[in-house]
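Read off the chains here:
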Amino acid sequence: MQTNRVLLAIFVVAGVPLCLVGYILLVEGGVGRLGRRPAAAIRPWLWLGPALLFLGVFLLYPTINTILQSFKNSDGTKYVGLENYKWFFTTSDTLVALRNNVLWAVFLPLLVVTLGLVIAVLADRVKYERVVKTAIFLPMAISFVAAGVIWKLMYDIDPTTGTLNAVVKAVGHDPIAWLSTPSINNFMLIFVGVWMLAGFAMVILSAGLKGISTELLEAARIDGCNEWQVFRKISLPLLRPTTAVVATTVVIFALKTFDIVYVMTSGNFNTQVIGYQMYKELFAFGNPARSATVAVVLLLATVPVMMVNIRRFRQQEAVR
Amino acid sequence: MTQVPVLPSADVDLKPEAPRRRRGPGSKEGRKGPVHVVLVGMMLLWAVPALGLLVASFRTASETNKSGWWTALVPPFHFTFSNYDYVLNRAGFWDSFVNSLFITIPATVLVVMIAAFAAYAFAWMDFPLRNVLFVVVVGLLVVPLQVTLIPVLSLFRDFAFGDYHLNGTILAVWLAHTGYGLPFAVYLLRNYMGSLPREIFESASIDGAGPATAFFRIAIPMSVPALASLVIFQFLWVWNDLLVALVYLGPASENSPLSVTLANLSTNFGGNWQFVTAAAFVSMIIPIAVFLGLQRFFIRGITGGAVKG
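Chains A and B, in that order, give the protein sequences.
Oh and the first sequence: position 307 is 307 in the numbering used here, straight run, nothing missing.
Oh and the second sequence: position 102 is 102 in the numbering used here, straight run, nothing missing.
Bound-form chain A, shown alone (with noise of 0.2 Å):
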């Protein structure tokens, strides 16, 4: 077994990449005893189709097929119209699900691109923004299976372990169940994911922000401007569009989670969340087809920030 392993991952490892190339090569070799012109139309197809290939079988075709179960009964032999949109939209769990998700969708980039922001600013101004900078960027690097065993520690109840809770006590109140009480465990939740985010928003924010030219801010404090109005007047404005970026991305980083409530409450005390929902439809109640349209629900909802990406693609194509 082991050795058979070894030999595979070698085998992959070298194998692999050797493969492609000579993949490329063979191509090359071929098209070049065509002409000129059936080469030129056939090249792009040959060079493009491992990646078409991947693409159309483990993207393009798995969305229409999860579309069109969706539509299907519980062992997907007929077609039942939308007869599982309406258990979707009348189901409290489902729709506790939505609502979660509606709070992720909102408040983690919120909270991301501000505190993003606010720390891109302020660490602008000090020697030891370096330092800084990585001990924010550095919880992007870890799972978000091991940020909720992290987080878990802190929110833990018993407040000789859970770090929260101590601090809680010292000032003289009881321990409280952050994981458990439902008006607070979904925020609590939610600032795992800032936590874990927050770097990103602050690194692009950064790059923004030194991208603007000194001679603006410099005109703009000659004529009078604090700092504050510098800020709001100039830098703000000019941080738009990579505001923009930085929120949609993180808008579906919201709309996917999965790991941190797999691992933190397991989507109980209705911290369920719509990603986790369709893994439990589907393993668990081992229905595809009410698991489907789940996923249909969820890719409904990143539909807008897939059309905002593509007019500003287009955008930018058109100034290139």
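Take the hints with a grain of salt, since some may be wrong.
[Unchecked claim] A few chain A residues that face chain B, going by a derived Cβ cut-off under 10 Å, partial list only:
1) PRO44
2) LYS78
3) VAL80
4) GLY81
5) LEU82
6) SER143
7) PHE144
8) VAL168
9) VAL171
10) PHE285
If you're looking for bench data, these hints aren't it; they were derived computationally from the structure.
It should be emphasised that the depicted structure is a prediction, and the values quoted were computed from it without experimental measurement.
The C-beta atom is built at its ideal place from N, Cα and C for all residues, glycine as well.
Once you have looked at the hints, place chain B on chain A.
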């Protein structure tokens, strides 16, 4: 580096052209106090949870149960490696660690190479539907992979080659990760390759270089910064992934990567903080090393002047 409008790009803060500029004299007066307070406060808030995890992972079970990790920071010290010994050797984390590497490295290689071919075609070849296809790629960037799980799972279940069943194998996970990673990879590389100067490719073509030569000798070496950031992203993404491994390998497979084993340990083994924290730290070592290590690689590559700024 072309600004990536949709997904993160770790190297943006390291752009060499980002001027190290001190603010005008106006900003230096007096106002710094609150700035330091906010920044140091944020740094603490960000570092303390991870520090707590690290300290807790070196404490014995009896101490973990009766006092918080912060009490271990003052003498007398009672640190131990026994938690790491337990999770690595007896809780199966060493195997999971090997599995994680075994899943992540090929999945990264596959995506980067396949995406590079496609990106080159999108950037420097003319063909019908080029823009339409690329818009599809941009659209696929945000498709939640949850939408694809059910059909791909049944594809894997149906696929058998003689005695070989694809379902539940590492090969299935490689293939799935490759598919899921491609939209971002193609997008990033195409934007970068497309911004390389046209004249270089034209003169290479006049000198008789075919597309393969232009690709391997010009496009790839000139795209090293974009390739490096893509490698980081894909590597971290696959290493840290839970959902794909959980769905295609199952929750308790001999092929499970660290993320799945850690999630199992953390949900089933709740009270044993000393083991869970050690296991979490094991899962974080490689991503943190990759992140910090390749950050230096970026700076070297950029300051070396050999690459496009």
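Comparing the hints with the structure gives:
| no. | hint | in the structure |
| --- | --- | --- |
| 1 | PRO44 | 4 Å, holds |
| 2 | LYS78 | 17 Å, violated |
| 3 | VAL80 | 16 Å, violated |
| 4 | GLY81 | 19 Å, violated |
| 5 | LEU82 | 18 Å, violated |
| 6 | SER143 | 3 Å, holds |
| 7 | PHE144 | 7 Å, holds |
| 8 | VAL168 | 13 Å, violated |
| 9 | VAL171 | 15 Å, violated |
| 10 | PHE285 | 13 Å, violated |
When held up to the earlier numbered hints, the structure conflicts with 2, 3, 4, 5, 8, 9 and 10 and fits the remainder.
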